[in-house]
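Residue numbers (our numbering), protein chains in the order written: chain Y, 126 to 309; chain S, 136 to 236.
Worth flagging that the hints you see were computed from the coordinates, not collected in a lab.
Predicted, not measured: the structure shown is a model, and the values here were computed from it.
Every clue listed holds true.
Per label pair, the in silico range of CB-to-CB distance:
{"id": "1", "chain 1": "S", "residue 1": "H142", "chain 2": "Y", "residue 2": "S287", "range": "30 to 38 angstroms"}
{"id": "2", "chain 1": "Y", "residue 1": "D255", "chain 2": "S", "residue 2": "K224", "range": "51 to 59 angstroms"}
{"id": "3", "chain 1": "Y", "residue 1": "P232", "chain 2": "S", "residue 2": "Q222", "range": "32 to 40 angstroms"}
{"id": "4", "chain 1": "Y", "residue 1": "L139", "chain 2": "S", "residue 2": "K224", "range": "40 to 48 angstroms"}
{"id": "5", "chain 1": "Y", "residue 1": "V200", "chain 2": "S", "residue 2": "H142", "range": "26 to 34 angstroms"}
{"id": "6", "chain 1": "Y", "residue 1": "I295", "chain 2": "S", "residue 2": "T137", "range": "45 to 53 angstroms"}
{"id": "7", "chain 1": "Y", "residue 1": "L231", "chain 2": "S", "residue 2": "T137", "range": "25 to 33 angstroms"}
{"id": "8", "chain 1": "Y", "residue 1": "E245", "chain 2": "S", "residue 2": "S190", "range": "14 to 22 angstroms"}
{"id": "9", "chain 1": "S", "residue 1": "T137", "chain 2": "Y", "residue 2": "P282", "range": "32 to 40 angstroms"}
{"id": "10", "chain 1": "S", "residue 1": "L149", "chain 2": "Y", "residue 2": "F220", "range": "15 to 23 angstroms"}
{"id": "11", "chain 1": "Y", "residue 1": "N253", "chain 2": "S", "residue 2": "E230", "range": "52 to 60 angstroms"}
{"id": "12", "chain 1": "S", "residue 1": "N141", "chain 2": "Y", "residue 2": "P232", "range": "16 to 24 angstroms"}
Now the stretches of chain Y that chain S is said to cover, found in silico as 3 or more residues with beta-carbon under 8 angstroms:
{"id": "13", "stretch": "138–147"}
{"id": "14", "stretch": "174–182"}
{"id": "15", "stretch": "225–237"}
{"id": "16", "stretch": "284–291"}
Just so it is clear, CB atoms sit at the ideal spot from N, CA and C, and this is done for glycine as well.
Each chain, letter by letter, is given below.
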Amino acid sequence: MGSNLLLTGGAGGLFVALALLALGCAVAVVVAKNPVHSALFLLASFLWVACIFILQQAEFVGAVQILVYAGGIMVLFLFVIMLVHQRTVRGLVTFQNQWDFALLFLPVFLAPFLYVLGTEKLPEVASNPDALRMVDGRIVGNTKAVSWLLYRDYLLPFEVASIFLLVAMIGAVVLGKRSLEKMD
Amino acid sequence: MTVTINHFLVVSFLLFAIGFFGVLVRRNFLTVLMSVELMLNAVNLNLIAFSRRLSDLTGQVFSVFVITIAAGEAAIGLALTISLFRQRKTLNVEEADVLKG
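The whole structure should be built from the sequences, with the hints applied where relevant.
What follows is the structure, given as structure tokens:
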């Protein structure tokens with residue numbers, strides 16, 4: 126019953142409202158002059174998109190999105206903004222002179238997108254509405270189903286991702302440290 | 136109103152386009168990084184929508200990986216931001232045009 130309700134009726138209006146909020150916040154990220162405002166609008170956009178994820182039966186990814194983006198990345202962004210903010214932002218022109226370039230890319234992206242949208246026959250209704258929360262034929266919930274797939278079928282990519290995070294951490298430490306030495 | 140896959144494609148296209156526009160047009164390096172995050176999020180939206188329509192969890196698993204990559208990319212990008220700021224005293228991407236450290 127839940128899956129039918131999500132596809133029709135009130136959920137359609139809810140999706141449109143969430144999508145418009147997410148897009149509006151995304152536009153605000155790009156046009157806001159102050160990077161602190163940009164970061165907060167980015168956070169709002171992520172939260173709206175997380176709501177759309179949850180509407181699409183991706184509860185785990187929605188929760189991860191909120192935890193990682195709101196809890197991790199956004200704090201990182203705000204710290205860096207506070208570290209570099211004061212002297213640089215004032216008097217800086219917001220936009221650089223690449224409008225022509227950006228407009229040139231519009232048809233390059235839009236044409237193939239519209240072509241695919243017009244010609245491709247895309248899947249509409251989910252063949253098995255409970256597939257996103259099932260393990261071996263039993264309904265166990267989305268988080269458990271995702272973790273089964275992640276640790277059983279995608280164990281190697283999972284480990285590669287953890288090594289990637291380790292490399293990123295070392296890289297961030299090295300990048301931050303070298304410039305400190307030069308200041309001394 | 137029924138939400139079809141085309142709605143998701145349009146929303147995710149617009150989100151990606153806004154992010155791409157921000158990368159091209161903004162001067163502040165921090166805002167460029169935020170626009171990249173927007174683009175990654177648009178990709179996630181597509182993965183989730185298709186995962187639902189195809190009744191396949193793989194899309195959700197991959198969007199978890201995309202979020203992981205986004206976290207690493209943000210960490211490296213912000214470290215680069217601090218490094219750039221310490222050496223050039225600016226965040227303007229147009230002034231950071233020399234490869235030499």
